[in-house]
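Put the complex together from the two separate chains, hints included.
Those sequence lines, one after another, are chains A and B. The opening residue of the first sequence carries number 1 in this note's numbering; numbering runs sequentially from there. The opening residue of the second sequence carries number 1 in this note's numbering; numbering runs sequentially from there.
Read the hints as simulated data drawn from the structure, not as lab findings. Be aware that one or more of the hints could be misleading.
Stated by the list, open to error - Counterexamples of contact, computed for chain A against chain B with all Cβ distances above 10 Å:
| # | residue |
| --- | --- |
| 1 | L11 |
| 2 | N30 |
| 3 | P61 |
| 4 | S65 |
| 5 | S86 |
| 6 | P95 |
| 7 | A96 |
As the list claims (entries may be wrong) - Stretches of chain A that chain B covers, calculated by requiring three or more beta carbons in the stretch to come under 8 Å of a beta carbon on chain B:
| # | segment |
| --- | --- |
| 8 | 32-46 |
| 9 | 103-114 |
These numbers come from a predicted model, not from an experiment. Backbone N, C-alpha and C define an ideal beta-carbon position, used for all residues, glycine too.
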Amino acid sequence: ETGVTQSPTHLIKTRGQQVTLRCSSQSGHNTVSWYQQALGQGPQFIFQYYREEENGRGNFPPRFSGLQFPNYSSELNVNALELDDSALYLCASSPAGTSGRKTQYFGPGTRLLVL
Amino acid sequence: GDSVTQMEGPVTLSEEAFLTINCTYTATGYPSLFWYVQYPGEGLQLLLKATKADDKGSNKGFEATYRKETTSFHLEKGSVQVSDSAVYFCALYNNAGNMLTFGGGTRLMVKP
Chain A
1 ETGVTQSPTH
11 LIKTRGQQVT
21 LRCSSQSGHN
31 TVSWYQQALG
41 QGPQFIFQYY
51 REEENGRGNF
61 PPRFSGLQFP
71 NYSSELNVNA
81 LELDDSALYL
91 CASSPAGTSG
101 RKTQYFGPGT
111 RLLVL
Chain B
1 GDSVTQMEGP
11 VTLSEEAFLT
21 INCTYTATGY
31 PSLFWYVQYP
41 GEGLQLLLKA
51 TKADDKGSNK
61 GFEATYRKET
71 TSFHLEKGSV
81 QVSDSAVYFC
91 ALYNNAGNML
101 TFGGGTRLMV
111 KP
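Bound conformation, chain B alone (with noise of 0.2 Å):
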């Protein structure tokens, strides 16, 4: 079945610091995918999202491009604030489930 993985938390990071947080995917066809973000005692707020091979999605300084070569959807942000601390979360929807799979999400901490 579809599978996500993600680099495993938390990762500490000052802020203006340049981000990246690894997902990689396992899926039959062509899914989409989607990053996440869940703040503490929230429910999931989406980031951004990719729906075929090379698109780029972006929001709030946040980017992740879709490479089905490498089956990847890695986040990225410029310079990180300490207001970007919290959990991050990569997914991917695949048609046949009418579903999303989630990875096992990233803590983010960012000291000023």
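If we strip away everything but chain A, and leave its shape as in the complex, we get (with noise of 0.2 Å):
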């Protein structure tokens, strides 16, 4: 059974660019969560998305957003970089169900650095 996986695993952009990242969930999952770990800090929600929709949000602006596919795989996209959005980005899926959405299981992230 393969885990969560997530693309691309460092990444440095300047800032005022654009990002994308992308995760593809664990099988038999179709419930899909993003997090920010600043250095030192816990993560923070970001969102979640569920059948293709999000399901959930954060306190970050419209900049960061995101896309669910029919494969239960996803997408976040932050625009404008910030100084601030260099962290580690953690996705994480969870199995169908209420009770199942409850646990989550986590990818190895992406770092971005932004310059």
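Structure follows, in structure tokens:
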């Protein structure tokens, strides 16, 4: 059984650019959540996708957007990058159902550096 | 809103010592509680969970009991190993927000 995978592993961008991060969910999982983890801190919830629609959003501006595809994979897009966007971006998938959705399994993350 | 508070680290122990990492939470309703572990340069691994009051989660020698009366979910292990050195995160899931809320993490360092 393949776990959650993310690409790329590392990325360097400059301020003002746009970036797309990708996530493939674990087999049998239909819900994907994204988190931002700044250095030395706990992850912060960005948003969750279920059945290709946003299903909850944290306190992040609209320049953070996402997509979920029919195969349950997902993208996180960030426009107009700022220096403070430098962080580890974590994707997590969870099984179907209200109960299953509580338990989230994380990928290895994409480390983004904004210069 | 929901919040999770963990003891600040680093926690430094000798191999085979007893481990406790404190975690308390504030939440509306009846959240599910989790411990995740993060090794250097990696993502988060689910360590254990508990979904209702008085449940005990356990895995790889680690245990934590969901105490609703004290709003706590302390992580314990009877005998730590060098390989347990990592950052440990306590988290809660509240259905209202469809999200995990994490504590700030506690770094554990185990010396031989």
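Hints, one by one, checked against the model:
No Cβ of chain B comes within 10 Å of the Cβ of L11(A); the nearest lies about 15 Å off, and the non-interface call holds. Every C-beta of chain B lies more than 10 Å from that of N30(A), the closest at about 13 Å, which supports listing it as non-interface. At roughly 17 Å from the closest C-beta of chain B, the C-beta of P61(A) stays outside 10 Å, upholding its exclusion from the interface. Listed as outside the interface, S65(A) is consistent with that label: its C-beta sits roughly 17 Å from the nearest C-beta of chain B, beyond the 10 Å cut-off.
With a least CB separation of 16 Å from chain B, S86(A) remains clear of the 10 Å interface cut-off, as annotated. P95(A), annotated as away from the interface, keeps every beta carbon of chain B farther than 10 Å; the closest lies near 12 Å. Every C-beta of chain B lies more than 10 Å from that of A96(A), the closest at about 14 Å, which supports listing it as non-interface. Counting residues of the segment 32-46 of chain A whose CB lies closer than 8 Å to any CB of chain B gives 8, which reaches the minimum of 3, so the coverage claim holds.
Remark: the segment 103-114 of chain A is confirmed as covered by chain B, as 7 of its residues place a Cβ nearer than 8 Å to a Cβ of that chain, reaching the required three.
Of the hints listed earlier, there is not a single one the structure fails to meet.
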